[in-house]
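*Asks:* What follows is the residue order along each chain.
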Amino acid sequence: GEDVEQSLFLSVREGDSSVINCTYTDSSSTYLYWYKQEPGAGLQLLTYIFSNMDMKQDQRLTVLLNKKDKHLSLRIADTQTGDSAIYFCAETEDSNYQLIWGAGTKLIIKP
Amino acid sequence: DVKVTQSSRYLVKRTGEKVFLECVQDMDHENMFWYRQDPGLGLRLIYFSYDVKMKEKGDIPEGYSVSREKKERFSLILESASTNQTSMYLCASSDTGLGDYGYTFGSGTRLTVV
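Chains as they are written, first to last, in our numbering: chain A, 1 to 111; chain B, 1001 to 1114.
In short, the hints are calculated from the structure, not lab data. Treat the hints with caution; some may be incorrect.
[What the hints assert, rightly or not] Cut-off 20 Å, straight-line C-alpha distance, at most; resulting in silico cross-link-like pairs (SDA-like, lysine to any residue):
id, chain 1, residue 1, chain 2, residue 2
1, B, K1071, A, T47
2, B, K1003, A, T47
3, A, K36, A, D69
4, A, K106, B, R1110
5, B, K1003, A, Q44
6, B, K1071, B, G1040
7, A, K36, B, G1040
Chain A on its own, in the form it takes in the complex:
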């Protein structure tokens, strides 16, 4: 079956940029999503990118998509303590209502 992989942890210093990476196997992916889960809470949609785009920017967030390598990244500029969370990558084919999830990357902020 299709798979989405992420590293489990990332540690960065406050004020630095964080880059969370994700690789996927589904060559038919149409939408790719980043979700954020704060401690003890559900997941909230952070941003998404459509497969015909290679970059999307939204304030401090930049999503880069390399379709050839099936690689997705989320860059958070000027990382703050409030960015401490687990970040999940997910993908889908548009015709399919199911998301395939990565295991989540826990972002740890060092002072």
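Starting from the structure of chain A, add chain B where the hints point.
*Replies:* For chain B alone, coordinates are given in the frame of chain A:
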């Protein structure tokens, strides 16, 4: 705003009890999902439903059942709770085409079985 509401944030149940976890969404979404989340294992799909009275097994359905009698409500049932079902349970809903919105999640229910 789409809202997905899970009835309890925290629940403590005894081994062998029958447990009901309720989830309600208010945006007329077709699809609803139940996941469990455990450290290091990410999200694992238990069951999903793409229509009223329809249900499909996910990756880990053993020990669980579901009910969807109304479009807005999707219930997860633990027939006889066991300690290995201690976990965070997340409900989600989505429209037929995920598009720009993906899934919308509830806040989660942290279930402890003692």
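*Asks:* Can you name, in rising order, the numbers of the hints this structure does not satisfy?
*Replies:* Hints 1, 3, 6 contradicted; others consistent.
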